[in-house]
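First to last, the sequence lines map onto chains A and B. Heads up: the first sequence runs through residues 6 to 231, numbered per this note's numbering. Heads up: the second sequence runs through residues 6 to 231, numbered per this note's numbering.
Calculated from the structure, these hints are not laboratory results. Heads up, a few of these hints could be off.
[To be verified] Just a few of them, taken from the derived set where beta-carbon distance is under 10 Å, the chain B residues facing chain A:
1. Lys14
2. Gln104
3. Ile135
4. Leu139
5. Met143
6. Leu145
7. Gly152
8. Leu220
By construction, the Cβ of each residue, glycine as well, lies at the ideal position given by its N, Cα and C atoms.
Protein chains: 2
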Amino acid sequence: MTSPRSTPKRYDDACGAAHGLELVGDRWALLVLRELMLGPRRFSQLRADLPGISANVLTQRLGEFEARGLLVKRKLAPPASVQVYELTPWGYEAEEILQVLGRWAARSPMHDATLPISGVSILISFRTMIDRTLARDMDLRVGFRFGEDEYVAHVADGAIEIARGDAGGGDIVLAGDPAGLAAAIYGDVPLDDLAAAGLLTLSGPREAFAAFSELFTLPPKASMPG
Amino acid sequence: MTSPRSTPKRYDDACGAAHGLELVGDRWALLVLRELMLGPRRFSQLRADLPGISANVLTQRLGEFEARGLLVKRKLAPPASVQVYELTPWGYEAEEILQVLGRWAARSPMHDATLPISGVSILISFRTMIDRTLARDMDLRVGFRFGEDEYVAHVADGAIEIARGDAGGGDIVLAGDPAGLAAAIYGDVPLDDLAAAGLLTLSGPREAFAAFSELFTLPPKASMPG
DNA sequence: CGGCATCCGGGAAGATACTG
DNA sequence: CAGTATCTTCCCGGATGCCG
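Can you make the complete structure from the sequences, with help from the hints?
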């Protein structure tokens with residue numbers, strides 16, 4: 006008879022950051038939130054986007070988030086009748102944590118940008134890394150197609166808005182693997198190479214893509230002491 | 006002999022946030038960083054400021070941070086000859102993570118602000134929560150005494166600087182328990198009550214303290230769905 | 001098929017005792 | 001004081017199975 010939670014392992018610390026760790030500090034927790042940042046997702050989609058997470062842990066995280074008021078379980082109207090998980094407004098506000106954490110960690114000398122990446126991740130990184138000054142004079146819609154998932158980004162007025170939707174609505178459309186997109190934007194791998202490798206294809210003017218790509222640069226690496 | 010222990014549990018995810026979790030996502034890790042944010046500390050000080058952490062885990066976190074370039078072990082010159090742990094510049098940059106996480110978590114309906122808190126925590130929270138508009142027209146030095154540790158904060162030009170140093174250099178001085186200070190600033194507990202309870206004493210004009218206290222307010226709580 | 005319970009092995013964290 | 005050694009406990013991850 007395992008008592009449900011004899012020792013919930015809290016930090017017993019009034020510091021807000023400590024409480025934050027109790028809310029989203031468990032393994033995989035922030036990454037589950039990340040995958041929900043661009044709108045509701047289904048259980049199996051989350052599993053697919055988080056290679057390595059076990060169904061067990063995903064169930065547990067989703068349940069904890071619901072109990073804590075970070076997400077709600079919703080059932081779509083028939084005939085879909087599919088259950089999805091959707092962040093609450095407060096849940097969406099956690100994006101800033103992802104952004105600051107990601108921006109800081111991008112300076113790590115150990116960061117390996119060639120690992121696999123999810124579509125949501127790379128798009129969130131655009132919101133994180135965009136050069137708002139450069140984006141001030143731009144008005145561009147970019148469509149993205151990652152398998153079944155489609156998104157549209159709108160760069161205007163020094164900001165970028167991203168939402169799920171018909172990728173065809175973009176001035177340019179990028180289709181393929183999120184890792185290929187990362188290589189194109191952050192790794193400066195030529196589009197032709199990526200197309201040849203079957204990783205990414207561009208529809209639309211190259212100049213528009215080049216301008217879009219210029220918006221995003223990685224921060225300088227921190228140097229190791231000693 | 007400590008085995009290298011190059012984190013066997015990675016996320017295999019190129020996302021910066023995922024890498025950030027590999028760097029500072031382990032249990033207690035961010036809280037150890039927090040305690041180092043206002044300058045070097047010794048092993049036993051860290052243990053005292055993080056009630057609940059075991060010496061074993063603290064040793065491990067410090068070793069990992071050193072290997073990752075977030076801190077350096079330094080030995081003070083004789084006759085002190087004491088070993089201290091000091092963040093690198095990149096390590097200090099992690100403060101923004103603590104701030105964003107803390108600010109977000111302060112909106113949690115489950116946040117219990119009456120738990121114990123360390124001196125560094127409450128001072129960092131001032132950097133996090135300060136109303137920069139109100140601070141624009143202020144020029145005030147506040148000294149803090151928590152047991153052996155002394156700090157001075159300088160509010161000016163819409164910002165607050167905090168450093169270890171002689172608390173007596175402040176226009177006002179607050180001495181006592183960090184939790185008492187939190188109650189005074191965030192809980193609006195009257196100073197007289199706190200003084201009567203032996204938790205906090207103020208030296209200097211009350212009006213200055215009142216003005217200082219006005220700078221800090223907690224964000225509104227997020228509402229629970231359903 | 002989606003979601004959740006159960007069992008198990010391994011490893012990290014907690015607690016305590018010990019050492020230079 | 002600054003850790004290390006050891007033991008226990010608990011969480012994570014994988015596999016299986018139940019149930020809608």
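Practice item. Determine which of the earlier numbered hints do not hold for this structure and return their numbers in increasing order. Key: Result: hints 3, 4, 5, 6, 7, 8 break, sorted rising.
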